[in-house]
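Asks: In case you want the letters, here they are:
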Amino acid sequence: MSLSSTQTVRKSWLDSAFKNLTLVNAWLVLLIIIAIIGSLAYSASDTFKTQGMAFLWRDAWDVGANEYGALGPIVGTLLTAGIAIVLALPVSFGIAIFLTELSPTWLRRPLATAIELLAAIPSIIYGMWGLFVLAPLFAKYVQPFLMATIGKLPFIGQFFAAPVLGVGVFTAGVVLSIMIVPFITAVLRDVFELVPPMLKESAYGLGGTTWEVVRHVVIPYTRIGAVGGTILGLGRALGETMAVTFVIGNAHGLNTSLFAPGNSIASTIANEFAEASDAHLSALMALALVLFLITTIVLSLAKLLLARLDTK
Amino acid sequence: MQIQDFMNSSLYKRRQRINAIMLTLTAVAVVIGLVWLVWILWSLLSKGLPALSVNLFTHNQPTMGEEGGGLKNAIVGSLMMVGTATLITTPVGILAGTYLAEYGRNNTLTRVVRFVNDILLSAPSITIGMFAFILFYFGLGLGGHANSGWSGSIALAIVMLPVVVRTTDDMLKLVPNGLREAAVALGCPYWKMIFMICYRSAKTGMLTGLLLGIARIFGETAPLIVTAVGNNFFSTDMSQRMASLPKVILDFAMSPDDNWRTLAWGGAMLITLFVLFINISTRAIAARGK
Chain A
1 MSLSSTQTVR KSWLDSAFKN LTLVNAWLVL LIIIAIIGSL AYSASDTFKT
51 QGMAFLWRDA WDVGANEYGA LGPIVGTLLT AGIAIVLALP VSFGIAIFLT
101 ELSPTWLRRP LATAIELLAA IPSIIYGMWG LFVLAPLFAK YVQPFLMATI
151 GKLPFIGQFF AAPVLGVGVF TAGVVLSIMI VPFITAVLRD VFELVPPMLK
201 ESAYGLGGTT WEVVRHVVIP YTRIGAVGGT ILGLGRALGE TMAVTFVIGN
251 AHGLNTSLFA PGNSIASTIA NEFAEASDAH LSALMALALV LFLITTIVLS
301 LAKLLLARLD TK
Chain B
1 MQIQDFMNSS LYKRRQRINA IMLTLTAVAV VIGLVWLVWI LWSLLSKGLP
51 ALSVNLFTHN QPTMGEEGGG LKNAIVGSLM MVGTATLITT PVGILAGTYL
101 AEYGRNNTLT RVVRFVNDIL LSAPSITIGM FAFILFYFGL GLGGHANSGW
151 SGSIALAIVM LPVVVRTTDD MLKLVPNGLR EAAVALGCPY WKMIFMICYR
201 SAKTGMLTGL LLGIARIFGE TAPLIVTAVG NNFFSTDMSQ RMASLPKVIL
251 DFAMSPDDNW RTLAWGGAML ITLFVLFINI STRAIAARGK
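The listed protein sequences correspond, in order, to chains A and B.
The UniProt record's numbering applies: residue 1 is where the first sequence begins, and numbers increase by one.
The UniProt record's numbering applies: residue 1 is where the second sequence begins, and numbers increase by one.
These aren't lab readings, by the way, just hints derived from the structure by calculation.
On a predicted model such as this, the values are computed, not experimentally measured, just so you know.
Among the clues, some could well be false.
Below, in silico cross-link-like pairs of lysine-lysine (DSBU-like), each with a Cα-Cα straight-line distance of 30 angstroms or less [what the hints assert, rightly or not]: (1) B:Lys-203 to B:Lys-192; (2) A:Lys-303 to B:Lys-173; (3) A:Lys-49 to B:Lys-173; (4) A:Lys-19 to B:Lys-13; (5) A:Lys-303 to B:Lys-192; (6) B:Lys-47 to A:Lys-19; (7) B:Lys-203 to B:Lys-173; (8) A:Lys-140 to B:Lys-192; (9) B:Lys-192 to B:Lys-173; (10) A:Lys-200 to B:Lys-192.
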């Protein structure tokens, strides 16, 4: 051994110290998420004690009478996110196909960057823009048009009949859809690029058109990843706060019309947190816990699907 | 000619037609995406530029009905909280990312932390804010009030953390193993190898991650609604309520006061331009590095 023993000892001491330092910080990330769930559950426990589990499916929100039920906000959250997915999916899909299959190479980067910039814009900006620019247009043109067309249909019509305010569940869904397009597009682009060129070339060799290759080779090959990307977008839409708070109208209670004002879990918290105390505060904590658990489950599902793709 | 017959067949024409229609639709989708972006930016510029003046940076927020005024207290508050959050998150995020990429590589802990980190990355920021609120509300000896600059900073730090962890991990994984082996073969201790070789090679990428994290929390509003809350006056006391740009924009935008609304658009334009500037410049740096 050419190394003197003191040198070796000092080296290994620094080495293990640094290693342990990084280890502690890695654990910290894990502890934070456990602490979030734990502290929300602790703060929400009062609500589940006084309101029972019925808190989850009861439609009541009366601060004066200390009656709380999460059904309204939960339905609002799911509805806005659902509308967002339905609207965002075809657009993201089209953009991803265009960027991977059709776009000339020199245009790819600037186009992709422009779409990704949509994700960088802070959500409060989407909220302001939605409230002051989009909502008036919706009230003036889009909603009367939809009421005059889809609104006249039997059964489906009731979802599109309401006072024309511009703000409401539908508008919130539209704004959310713009916000999640870049996330879904990014995943779709990544998975489309995983398709082996050989597969596509053979389909072209058989005389397939570009669309046929996309439809019969690219889509089936990337199905799992595409579903994962969509769920990722859903997870984002579920937890979005500011954009929804601005345009959803903030009204408690269930309503059959998508044009009517409503609220989501996040918007309820954002609106009421400042004035809340005691039982009210605990009810908001319970809402936050529900939201955190829903998004965690949804995002985990997306992660698992996308991870399956990586190992392929 | 058989080929001619084929080209004239109705099936062939139908397939060509469907192809043209679908491909046009994908182009339409791109246009839709671009229209949203241009429309939002146009709205911000057309409504925000009238508010842009030196006063925006040198005057505090006005009371309702008062003319003029600026956003100095909010800008200073935002910078202080974002700065504090960055100081907290940078070492934690880089060290955690270092463990994932250098020590743990593919062990169970690393896989779990990567998974959890990605969940945290997309978790609703308002629930993270509420966690910071609870942390201070129940004391825990942290000092400061639950509604204070400190609680706001902690909330922002947790929102920023997963961005830094993720990019540090990703960037360190890109460092070629040959470089590490060369250093270790020369007798370099492991920690020194990480500092002198890995960090140095991944420097640009890690900096990009930090900048993107800062850009992300600069516009964050939801966690601040439940933590720092806002302050109508100029204050640099982190243990008290603290003003921030996004919160002032929220309050002013929702008000009936014209002057307040103009200032809200001015602030919104400032935040967006700052965030987009960081995003575009980090892309430029990354592109040059390739």
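Asks: Checked against the structure, which of the hints given earlier come out wrong?
Replies: 3, 4, 5, 6, 8 and 10
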